[in-house]
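This is what each chain is made of:
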Amino acid sequence: MSASTAPFKQRYRRSVSDPELKPRLLAFQRSWRESRDAQVRSLEQRTERSFDELRREFAAVKDSTLERIDDYIAEFRANAEAAGATVVQLSTAEEAVNYIAAVCKSRGIDLVVKSKSMVSEEIELNYELEQRGITAIETDLGEWLLQLAEERPSHLVMPAIHQKRQYVAEILGEELGREFDPDDIPAMVASARDGLRRHYLSAGAGLTGANALIAETGSIVVVTNEGNMRLATSLPDVHFVTAGIEKLIPSWSDAERQLQLLPRSATAQTLSTYTTCITGAQPGKEMHVILLDNGRRAMRDSDVIGDALRCIRCGACANVCPPYQIVGGHTFGHIYTGAIGLVNTTFHHGIEDAAGPQGLCVSCGACQTVCPVDIPLPKQILEIRHRSHESGHAPLWEQIALRLWARPRLFHHLMGVAAAGSGLARLVGLVRGDHLRAPLPKRLRWRAIPALPLRSGRTLIKSRAPQSTLSDSPAAGQTVDLFAQCLADRLMPSAVDSAARLIEAGGAAVNVPESQHCCGLPAFDAGDWDMARRMAEHTIEALEDGEREIVTPAPSCVISMQDHWPRLFADDGEWRARAAGVSDRVHDLADWLEGPGRLPDACLRNGDGTSWTAHRFCQASNRNDAGARIDKLVERLTGETARPLAEPDVCCGFGGLTSLAAPEVGAGILERKLACVAESGCDTLITNNPGCVIHLRAGANAGGANHKTLHYADFLAARLPKDP
Amino acid sequence: MTTTTNRTALFAEGLRAAQGEFVQCRSWDDVWQYAESLSDETPVVAPAAYVHLQRGESPDEEDPLRSIADRSVGITIATCGIAETGSVLLIEPAPIDRAVSLLTRHLIVALAEPDIVDELTDGFRWLAQQPRAAAYATFVTGPSRTADIERSLTIGVQGPSRLTVAVLP
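Sequence lines, in order, name chains A and B.
Under this note's numbering, the first residue of the first sequence is numbered 27, with each subsequent residue one higher.
Under this note's numbering, the first residue of the second sequence is numbered 94, with each subsequent residue one higher.
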């Protein structure tokens, strides 16, 4: 295997041009989800604890171990050495490779058989040993196939998941000198037993990773399924263990906690086939445990990122990641893949290797919901994106777009021009539905360009009489500030007006602060925090005049104000307080309509028989925000039941800038979503975040879908009594 | 989950879910007859099981792994079974102890019914108290497997492709 890897753009092009990758990974993600959920449910029943409780308990074990890592290393070392092992702590990949090579040289070993070890991938051990005249052979079937194909793992647990069976037949045929039928997978699997046996018999050393290192006895624990690890540690006379220092845990009872979570999260097994515990060197043999730092202490001490060291390498974060499903791990990650790879690559391999895939993450937050150690991956990815932006990795188009976006007056002028242009297009018949019939480059043809309505949402509100009150809500008589959201105000103004009418129907008056623009979310997402801060300051100034509650039809802005603003103003007490003064008063419209502005049950029942279903804005849903359950709100207010929708919380593919930076990713995820919508058989798809509405509507328009796409405010407001 | 019968039933269920096979035997003679019925080859027997069986072929002391590689049927003995998962705990400090469970095609693991414990916790507690047992200990849950080629689950890779637990009174 070569030490170099293709540049990100090349990897991206290659993966989006493989027609079989997407469907294979989709089938994998869906079947994993189903069996993993069943495993987690039965674990919860048996232990009478929730997944959240179980994962937080084990995360606390990992955290406290990492805080006193040197004590635990010392304890592990004393116990392992008492049992005849040699334990070395090494700082860099190079030191680790040199150590292994030196031991091999001094024992005359030129062949090493390897069981699966991600640390050995991290340090590119096979390549480095080869440079030093030592051959390393992978014995895990998937890893062996990668080695034969000179590839890297594309998944932490299923390393060769990207390879199709025809390709496997080809590379095995080449290695073993006989033909394989691609449809006879058992025969190909069986060939590993025969093909690898001679290597076990002649190897001087076996190398394994470790899933856990137990300080109290100096033991290692390794979980495997094939049986190769036990062979690699039984036949050769020397056993190398390569492990990151974060694999230490204090005791056997902690190992058991880890084993409750690891196989269930990794392969959806109750327990892997082999859970092997080894303590020290076997009689007459040597054991060398290499404890590698390679950026881990820096990671531990790094703001926001430290928790990523809890990782037990289960791969669950990739298994629920919508962009991973589209591009696979060779593109979504570096050597470590999936969400965790977007984070830890920075520390093990450098920001250069981490920067490329950052823009693929759609910030849906699904990764954290299944992480068995509750790593705040979405927050960490935004942090790495920020660092990547700071080190000069932002694309030029993105910087220009954000500069335009950040200037409210210029933005409004540009939008005004676009609206006038759309009006003209309408006149000459270039608009179909709400979208332009303009030719797009092939890469972008999956979506249509929305035609901008002439009037903004704010203008619509001002140009009509107040909506009559339907029923007095607790907020009746109050005046509420409406934060329109920059995109919605121009691209879907009716939803902004509808939001205002729903608030008014509860008896409150609506005020639209004039100078409002953008909360800063697009810039924050892009890692440009200086720009984000300027935009946030502008919004704070626009909204801080008064004590009124603030309502927005855009849950993404609520998240931006509540989660991101504190990070933007972390070092500025005055602005932090001003930001909190605004964000403490902000409500998502759905929360408002259930809470202070509550409308009565079934008040919007109109019995028109429209069948509808709801896509829930993923980010809010994955944070467990009550307001994300818009299907429940709409069911309550209309008295009608939603059609069931598969994967209602999976991202729609908008992902802020992702659908612009990586159009194939936006398109691929959208395709998955629209297939679910079509399957629901609904007439109307409702959703809650303006970005999702725009994306889903443009995709449905381009694909000729039969359903209508609406913000739920429009869906509900259409049922309000018409005022005279 | 207190009675032995319950525990055994649960163990059998976990084992079958992991594609393992479960047989109830009355004596070591039963285990031997079962093993012999599987193949024309003489079963190979791990040292810990030989103590009870006093028959069958033993791995070669000099080169235990090579001597029994790919033999059809092997018999070994488990220290305990875990009802929760259908796993057996094999304590195999030396290569000669491990040879049978590593390299035979169809592995039979003898397990005394009273040694079935409720949960993995109990297995770990046992291990933690016997530091020498943890020199090389393996919880085995079903036959070896892989899903590395197109996620297609294939039973039997480099370890045994069939695993039977023979439960003794």
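Hints are not guaranteed to be accurate.
Stated by the list, open to error - With a straight-line cut-off of 20 Å between C-alpha atoms, the simulated SDA-like cross-links for lysine to any residue are:
#1 A:Lys311 with B:Ala187
#2 A:Lys35 with A:Ile361
#3 A:Lys311 with B:Ala240
#4 A:Lys311 with B:Glu243
#5 A:Lys190 with B:Leu246
#6 A:Lys405 with A:His461
#7 A:Lys311 with A:Val536
#8 A:Lys48 with B:Pro186
#9 A:Lys311 with B:Glu155
#10 A:Lys35 with A:Arg458
#11 A:Lys35 with A:Ala53
#12 A:Lys311 with B:Asp208
#13 A:Lys748 with A:Asn732
#14 A:Lys405 with A:Glu176
#15 A:Lys405 with A:Asp78
#16 A:Lys405 with A:Val129
#17 A:Lys734 with A:Ile361
#18 A:Lys48 with B:Gln147
#19 A:Lys48 with B:Ala240
#20 A:Lys748 with A:Arg458
#21 A:Lys190 with B:Glu243
#22 A:Lys190 with B:Ala240
#23 A:Lys311 with B:Ser245
#24 A:Lys734 with A:Arg458
#25 A:Lys190 with B:Pro188
Honestly, the hints are just simulated from the structure, not real lab data.
Model, not experiment: these values are computed from the prediction.
Looking back at the hints listed earlier, which ones does the structure fail to meet? 3, 4, 6, 7, 8, 10, 11, 12, 13, 14, 16, 17, 18, 20, 23 and 25
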